[in-house]
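**Student:** Chain by chain, the residues run as shown.
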Amino acid sequence: MRVVVVYKWARNPTDALVRSDGSIDWRNARMTAGEDDPAALAAAFAIAAGSDGEVLGLTIGDGDASWALARGVERAWSVADAPSLVDNAATAAILAAAVRHLGEVDVVVIGDSRQDAGVPVALAGELGWPALVGLTSATTVDGRLQAARKVGGAAQTVLLPTPAVVGIAAEADVDRAPGMKELLAARKRPLTRLSLAELGVAPDDPESLGCAKPDSTPARVFAGEPAETAAQLVAALRSEGVL
Amino acid sequence: MNTDCWLLVTADGWGGAFRIARALPGRLTAVVIGPRLLAEQVAAAGPDEVRWTDPGPVPAEAWGAALAGAAADAQPGVVLSTTDPAARVLLGAVAGRMHARLVPAAVALAVEDDRLLVRRAAVGGETIETLRCTGPVAVTYGGDDVAAASGAAAPVTPVELAAAPLAVIASEPLAVASGLEDADRVVSFGRGVRARDDVSLVQGLAAALGAELACSMPIADDLGWLDKSRYVGRSGNQISPALYLAVGIGGAPQHMEGVRGARVVAAVNNDPEARIFRTADYGIVGDLYDVVPELTKAVRNLPSKELEQ
Ligand SMILES: Cc1cc2nc3c(=O)[nH]c(=O)nc-3n(C[C@H](O)[C@H](O)[C@H](O)COP(=O)(O)OP(=O)(O)OC[C@H]3O[C@@H](n4cnc5c(N)ncnc54)[C@H](O)[C@@H]3O)c2cc1C
Ligand SMILES: Nc1ncnc2c1ncn2[C@@H]1O[C@H](COP(=O)(O)O)[C@@H](O)[C@H]1O
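Chains as they are written, first to last, in my numbering: chain C, 1 to 243; chain D, 244 to 552.
Isolated chain D (complex conformation):
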């Protein structure tokens, strides 16, 4: 089995993908289409080589066809990307050209009896399936991101490739930061809160915890009880606080995508079957109208220095 691997990188967040690629016995080539700094960071993690193309202002996706051609010549046995949109487009281009299989959400790779074993997450990570593959395989990495390893720095070789005519014709900064990005603690509420006036209840808990206040999408989008810059999830904020406390939030996958980076997730929900208990670390089954005042009290009773950030 050819386990020479190409890792396609177009943006940060490649540490986890790098780790599973490096676990293979073959030669690891990092193909970076992005700024020089990114290429150097990847090189410092210790692949065998880095091939670097500077896209300038052009979207990295423009190099799909050219990379596919290069891969068809080099014939890596495994091609890997993150789920980053641009890296995925490059992966698809290479996979299509090489007639490779494409397995999404891989969390580990191994070689056994000269076959590639791919473990992939299914049902939002609640189960892991093991697949045995032959021939070239492309995978997207679906595990947690990890900090980049540091290894023997690899040489960075600039590569000139032809680009398709894609162009960014306008770019506008998105709304200003909400303060959620670097909050250490976030208390967030959802439709379990029945009336606008009751928001103060959750606000009180957030204040006691020294936490930022956030919400689920319907609270901001449909009800307008908090500003749209304050909802968490796939289409809202993606945050990584030490503590995310979800109050009256169901735990829809689109919401939970926003707190994948949180260290501890706790939830208050009156439905013991609520989906959020499948992914939370801690939970209280109970009516938030009873539980939140008690939580606020319990937190207030903590020695004050404990809550310094």
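This is chain C alone, in the form it adopts within the complex:
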């Protein structure tokens, strides 16, 4: 099968801080891969391995696209001028245009993001392909695409037709940092830059009227002598009715 793995290299949303006015401070956010991306990559290789296929990398935005190349992907494409968007369908439309640009593709594997839970499913919708998301893994058996997931206390294996989109939700951090040899190999591997104009997409976002803190009460935090703080917490929990 011809497998495309979609990944990102972007500021880590869990490092973002929210200021008192609700605006977001990204200054301390490090660049990372999507947290589900290592698991998605593993699934992409498993699907390809089961079918003598190949894995193509696809990323958007102006981040470092070599993440997948250093992890065994032979060729990658990057839509470097794609903006960061709130509208997951707009992000998905860029990804879908890039997938079409790559020609015949059997499976798109993508991290099933919590932050942008609409990207994988809108990508499938845009391509008009069947999809499963929230998967723990995927592979090919006898030339057919199979995916594993947990549903209602059971571990299920589901058979999918191709072409299809599969969204992988990582259960743990399975990333393996590449060694020097792999980093050097990555530099020689072809990375093709695509532009929005080339793909014929012009994404836009809905108008933002601004951000505000939700009206939840902040934590009551006790500090000081252990015996005193312990008594304060126990009293607070009793007044909440949980003790």
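Read the hints as simulated data drawn from the structure, not as lab findings. Predicted model, so just to flag it, every value in this text is computed and none were measured. Glycine included, every Cβ here is placed at the ideal spot set by N, Cα and C. Misleading hints may appear alongside valid ones.
To be verified - Some chain C residues near chain D, calculated using beta-carbon distances under 8 Å:
(1) 89
(2) 102
(3) 116
(4) 118
(5) 125
Add chain D with the ligands to chain C, keeping to what the hints say.
**Tutor:** Structure of chain D with the ligands alone, referenced to chain C:
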């Protein structure tokens, strides 16, 4: 602005999404792909109509393309789902076909000056952004789940639609219950506990509280100090105790996903900047090795009947 709404339901947990959908002035159609009982429960909440497809053993996702076609005919202005994987796949199929925007983690919908306002949670719910949208909009619901409303029961209309060839070919029950699911109180510890021998310290507090003992993922997965059936979080247990007391746990979002349903979250951590204080209700800044013995003592000193469950 067309505010006729489709709410896509494939599993329980649709109460919160229903509530924000019902707040719109348009006609509310619930599209249920699931067992008859689910369709009837949704109907009892009082949408204007329920369209129901019984998937039998086939994954609900198989109806994505067919629903997309039906939505293209009906042209709802708003399409809504929970974050449930199957419902999301259906939402994506509909959004793609209708060329709708797709806004994740919506917590409220409103109409103002004939435009749809979508409030959506960002940075894990720490800020709420308001977006003004035109044209068809798809959203996933990102707020707390609420119990289903009860309204004038709507008729349930069975609908036959074509399914894509997806099939469940194996299904095995997951490991047995750990007792955490229905615990009223849970005391949980993380890497702030330095040695296996120190687990007894936290165990003592749990015993005093009549609580179940749980942990963060690294404690079970990497260190093996508790069984894997006892860790809390996205990939572990999702629990809803009245009290969740986290000791020496940093509060990573993957961990906190497991206690979204807890009524009161309290934390002991020696780092005043620890992330867990952003989402906890109560906290003690202090060394757990000093604080836990004092907490245990304070709890033991409570009149005994107070701790009956
Ligand atoms: C895809 C994925 C899925 C994941 N799923 C889960 C999941 O389901 N569940 C889960 O738990 N994690 C999960 N994780 C891991 C998660 O990101 C965190 O790494 C993990 O929860 C951290 O565990 P911790 O809080 O015990 O450790 P740490 O983050 O190391 O926190 C320890 C805390 O203890 C405090 N501390 C240290 N010493 C003391 C002391 N003496 N007294 C008081 N406080 C002290 C520190 O200040 C610190 O805040 C997942 C990660 C990934 C990538
Ligand atoms: N700019 C982007 N915004 C959102 N998702 C993206 C973007 N680029 C790629 N993606 C894909 O969407 C997923 C979001 O991942 P996560 O980091 O888990 O939120 C990733 O697995 C990527 O494959």
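**Student:** Confirm or reject each hint.
**Tutor:** Comparing the hints with the structure gives:
1. 89: OK, holds: residue 89 of chain C within 8 Å of chain D, min 4 Å.
2. 102: violated, 18 Å
3. 116: This hint holds: residue 116 of chain C lies near chain D, its Cβ roughly 6 Å from the closest one there, short of 8 Å.
4. 118: Constraint on residue 118 of chain C satisfied, holds at 4 Å.
5. 125: Holds, about 2 Å.
The structure fails to meet hint 2 from the earlier list, while all remaining hints are met.
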